[in-house]
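K.L.:
Starting from the given sequences, assemble the full structure and let the hints guide the process.
If you want the building blocks of each chain, they are given just below.
2 protein chains.
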Amino acid sequence: PPTAHASCSTRKKKACHLPKLPASVPSSRTQMASTSPEPAATETGDSVKIRRLQIADRERGFLPLLSQLSSCPDLTESEFAACFADLAALGDDHVILVAEDPAAAPERRILSTGCLFVERKFLRGGGKVGHVEDVVVDAAARGRGLGLRVVRRLVEIAKGAGCYKVILDCTPELRAYYAKCGFVEKGVQMAVYF
Amino acid sequence: PPTAHASCSTRKKKACHLPKLPASVPSSRTQMASTSPEPAATETGDSVKIRRLQIADRERGFLPLLSQLSSCPDLTESEFAACFADLAALGDDHVILVAEDPAAAPERRILSTGCLFVERKFLRGGGKVGHVEDVVVDAAARGRGLGLRVVRRLVEIAKGAGCYKVILDCTPELRAYYAKCGFVEKGVQMAVYF
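In the order they appear, the protein sequences are chains A and B. At the far end of the first sequence sits residue 194, using UniProt numbering, and the numbering has no gaps. At the far end of the second sequence sits residue 194, using UniProt numbering, and the numbering has no gaps.
The reader is advised that the hints may include incorrect statements.
Copies of the same chain look alike in the list, so a pair counts if it fits in one copy or across any two.
Claimed, not checked - The calculated DSS-like cross-link candidates involving lysine-lysine, where the alpha carbons are at most 30 Å apart (straight line), are:
hint : residue 1 : residue 2
1    : 180       : 49
2    : 49        : 165
3    : 186       : 159
4    : 165       : 186
5    : 49        : 159
Bear in mind the hints are in silico, worked out from the structure with no lab data behind them. The model shown is predicted, which means the values in this text are computed figures rather than measured ones.
P.N.:
Laid out in structure tokens, this is it:
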């Protein structure tokens, strides 16, 4: 594992300063920021691209897609922008990927999404753990491997960020699905709802 | 759930500015910062106090305690301070509690610890989820309810922060333990190790 100093010392900088972006990367005001080398959008077999969430994805069906996973009331443009900015301010410690089909109707272009957030610990010399959350594929686009592509990319990003593991919680029915991404069952998820 | 704007708009401020603390609260350089009303250290039946992690807890056995949970190499004073500062900069979005026995030898005073970090989502109108991690009780102090006290306090903090749920992952053997804190089994934890 990385030394604690190397691992920890980057956190404050990322949390407190907008990362310096290459000139070619759009501002974090409109796109999730990244200071790490970022692969170009991947062309899948069916023209769908996997990329980071952009603020304009509110108009491309991002929230209706999330509502297929859990309660997701609509957000006004300014509410969406506020949420986006708060998450983008976390830099590489929070990544939302989307699968976009540029051939679809504008408001139905976002077909899949998934999120990674990076937790810092005192354990493991100041180690990092990736948490995958909020993975969903549009009901009309299932069976095309879009969710797996999103998850695999999130796992790659976590590995590149120096995480020693990535974890997620799912229903028992989804064990085999995530096994395709290299996940193995490790424990039990417990919850308290307020 | 809170509106997205109310929920999200606080994040950037916390991430980018050190919170303004009441005069009576020690600086975040030495103690985990808090902008929310914080209960006084709780006296348990056996004089053990539950409180937030302080930087001086490195000298009170915090890392040896964590090493009972997972690999936890020692950190130098400056490495520990760097980790501490990075986590403290997250304000109320990251809380580490410890149970301290002031009657014990100085280097063995920290008997239990547990961590809460708060995840922000687009789901649920910009909702928040609390994640409980890294709960451990010193082998010589088990059976005194210290871990449950730490976890219950973390759950209270998450509720106070507006989380709609708190989740954790554990081994199947610990189901009954966390049930005492109101947790119910919800799913399966999956992991990839690098």
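K.L.:
Now tell me, hint by hint, if it's right for this structure.
P.N.:
Evaluation of the provided hints:
When the C-alpha separation of residue 180 and residue 49 is checked against a cutoff of 30 Å, the pair qualifies only within one copy, where the shortest distance is 20 Å, while the shortest distance between copies is 46 Å. Taking the shortest alpha-carbon separations for residue 49 and residue 165, only the intra-copy value of 26 Å comes in at or below 30 Å, while the best inter-copy value is 33 Å. In this assembly of identical chains, the alpha carbons of residue 186 and residue 159 lie at most 30 Å apart whether taken from the same copy (19 Å) or from different copies (27 Å). Within a single copy, residue 165 and residue 186 get their C-alpha atoms as close as 12 Å, and across copies as close as 21 Å, so both meet the 30 Å cut-off.
In the homo-oligomer, the alpha carbons of residue 49 and residue 159 lie at most 30 Å apart inside one protomer (21 Å), although the nearest pairing across protomers, at 38 Å, exceeds that limit.
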